[in-house]
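Participant: Once you have looked at the hints, place chain B on chain A.
So the protein lines, in turn, are chains A and B. Position one of the first sequence corresponds to residue 1 (our numbering), numbered consecutively onward. Position one of the second sequence corresponds to residue 1 (our numbering), numbered consecutively onward.
Worth flagging that the hints you see were computed from the coordinates, not collected in a lab. Note that the coordinates shown come from a computational prediction; the quantities given were computed from them, not determined experimentally. We put the beta carbon where it would ideally sit given N, CA and C, even for glycine. Possibly wrong hints are sitting among the right ones.
[As the list claims (entries may be wrong)] Below, a sample of chain B positions facing chain A; criterion: calculated Cβ distance under 10 Å:
1) 23
2) 26
3) 27
4) 28
5) 111
6) 112
7) 114
8) 117
9) 118
10) 119
11) 121
[Stated by the list, open to error] Across the chosen pairs, the derived CB separations fall in these ranges:
12) 114(B) - 57(A): 46 to 56 Å
13) 51(A) - 114(B): 40 to 50 Å
14) 128(A) - 113(B): 42 to 52 Å
15) 113(B) - 293(A): 18 to 28 Å
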Amino acid sequence: MQRLDFRAMGCHMTAVLDVDRPGASLDKVPIWFEAWEQVLSRFRVDSELNRLNQRAGQWVRVSAALWDVMHLALVAARWTDGLFSPTILSALEAAGYDRTFDQIVADHQPITARPDGQWQAIQRQSLKRSICLPPNVRLDLGGVAKGWAADRAVKKLGVHGPALIDAGGDIAVSGPRADGSPWPIGVLNPVQPDQHFETLKIERGGVATSGKDYRRWLRDGKWQHHLIDPRTGLPAQTDVLSATVIAPTAFEAEVAAKVIALSSSEQGLAWLEEQPDYAAIIVREDGQAVYSLQMSNYLWR
Amino acid sequence: MKSGKPAKKPNSGAPGVKMLITAASLAATLGGWAVISAKETRPTPELAPAQAALPALSIKLAPLPTLVPSAPQSQLVTINQPRPAASAPQPAASNEIVLRDVSAPALPERSAPSPVANTGSSR
Chain A
1 MQRLDFRAMG CHMTAVLDVD RPGASLDKVP IWFEAWEQVL SRFRVDSELN RLNQRAGQWV
61 RVSAALWDVM HLALVAARWT DGLFSPTILS ALEAAGYDRT FDQIVADHQP ITARPDGQWQ
121 AIQRQSLKRS ICLPPNVRLD LGGVAKGWAA DRAVKKLGVH GPALIDAGGD IAVSGPRADG
181 SPWPIGVLNP VQPDQHFETL KIERGGVATS GKDYRRWLRD GKWQHHLIDP RTGLPAQTDV
241 LSATVIAPTA FEAEVAAKVI ALSSSEQGLA WLEEQPDYAA IIVREDGQAV YSLQMSNYLW
301 R
Chain B
1 MKSGKPAKKP NSGAPGVKML ITAASLAATL GGWAVISAKE TRPTPELAPA QAALPALSIK
61 LAPLPTLVPS APQSQLVTIN QPRPAASAPQ PAASNEIVLR DVSAPALPER SAPSPVANTG
121 SSR
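The following block holds chain B by itself, in its conformation from the complex:
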């Protein structure tokens, strides 16, 4: 004998509906963001004419402090003692500029002026 209470129908279509609703909601959100973004003004890389026309601002800065170098330590020179050997000269680099001899006409010798007086045996 069957009872009067009807048996529940299997709820097999509910997950599909939820998925549909979620997808529709996501699509609407993304679409709205896209529309809003399209309406925003994008700044150009060039200076805007309005910005170039701004009056120049004179910026007054406090003067820089004068920098005084610290006084060098006085060098003590010891006299009558052998000096430290001077560093040996560095050998010429291989790529050093070599001056070549240039032949040029010799300058005339500086001739002596006429003597104001002459020295010789007393006369």
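So that you can see chain A by itself, here it is in the shape it has in the complex:
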């Protein structure tokens, strides 16, 4: 089994290939992620995403990668009735997340609510692979870019054998391991992040966790986090501390985890139970964990 750890998209990444024969190498995986980050990051001034954001109101021809992520993001926005939105960048910056997480410092500026919903006004021309953002609307794909990249990388890597990609906690798996067994994936305890409280058995698909337990900061004397509720334009106020979702892809898992994290644990669980082939563990702020009905199929016990 080969394993490679590296850093990209502001997160710790891991690539695993359950093949030992020569020729199957993980060396290219960081190169792929570097190329995708250059397209999708809002923290790189010269990224393709930033160039698109700077030209809001105009038609811009985009790369296949940006087009693909944008398409999936809009599909997810419709699927979740706008609870997931790619156009929350202004609200995110207003909450204080206007630089990389490592650079955020506490300050006392008041937060201005910026309700969202402008994703519906984004125009696309598929034949020309062009996008036109509404004026004064900017995109943030950070919520789904890692899941998309994990899916994409594991698909490319999977031609060599069973593969796993962990993109900062968004995990994609190509299929069972070489011996036919599922991949053991730990679910980190949001209260004690150096420990996992469950081990999942995943044969293929994706796993992702979204929560307000890590990326949080002080602003105007209150704790803020990166999960913006598009309905209010403010960091979500719910009883959900973190939500872990298993889905057919890491992208879907990431979107579903975010929807639950933005909802209450009760509403989030009810929504998830309506989705076929999904399972979730929701950790509430009171420390209690809630399991969806399907989750028992994935617990390693």
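Facilitator: Frame of chain A; chain B shown alone:
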């Protein structure tokens, strides 16, 4: 006056003689059969040694014809129609074997392997 022709004697002894001759003849016949029967060799129930020593005969029979079972009639399954109710399970016979619980040490729980990766909030 008496005639010259003598009178016949009464034949009173003839039946006894006939009976004697018949009995003697029957006795001789039966005695002869008895002598002949005594001289015949009777087969013993055991195999005679001469018979056991006979060379084995290989009997070649024509091969049996291969019996081909007749093809079963294809079963027609009707979909989207209610199935016939399954027959109710038979009640357990009174003399059915009853398995009794045997206490045994519990097997240790299968412990989860170390995770290859962990999922948590993006970090």
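Participant: It remains to establish, for every hint, whether it holds in the given structure.
Facilitator: Hints versus structure:
| no. | hint | in the structure |
| --- | --- | --- |
| 1 | 23 | violated, 107 Å |
| 2 | 26 | violated, 102 Å |
| 3 | 27 | violated, 103 Å |
| 4 | 28 | violated, 104 Å |
| 5 | 111 | holds, 9 Å |
| 6 | 112 | holds, 4 Å |
| 7 | 114 | holds, 7 Å |
| 8 | 117 | holds, 4 Å |
| 9 | 118 | holds, 4 Å |
| 10 | 119 | holds, 5 Å |
| 11 | 121 | holds, 4 Å |
| 12 | 114(B) - 57(A): 46 to 56 Å | holds, 52 Å |
| 13 | 51(A) - 114(B): 40 to 50 Å | holds, 43 Å |
| 14 | 128(A) - 113(B): 42 to 52 Å | holds, 50 Å |
| 15 | 113(B) - 293(A): 18 to 28 Å | holds, 25 Å |
The structure does not agree with the numbered hints 1, 2, 3 and 4 stated previously, though it agrees with the rest.
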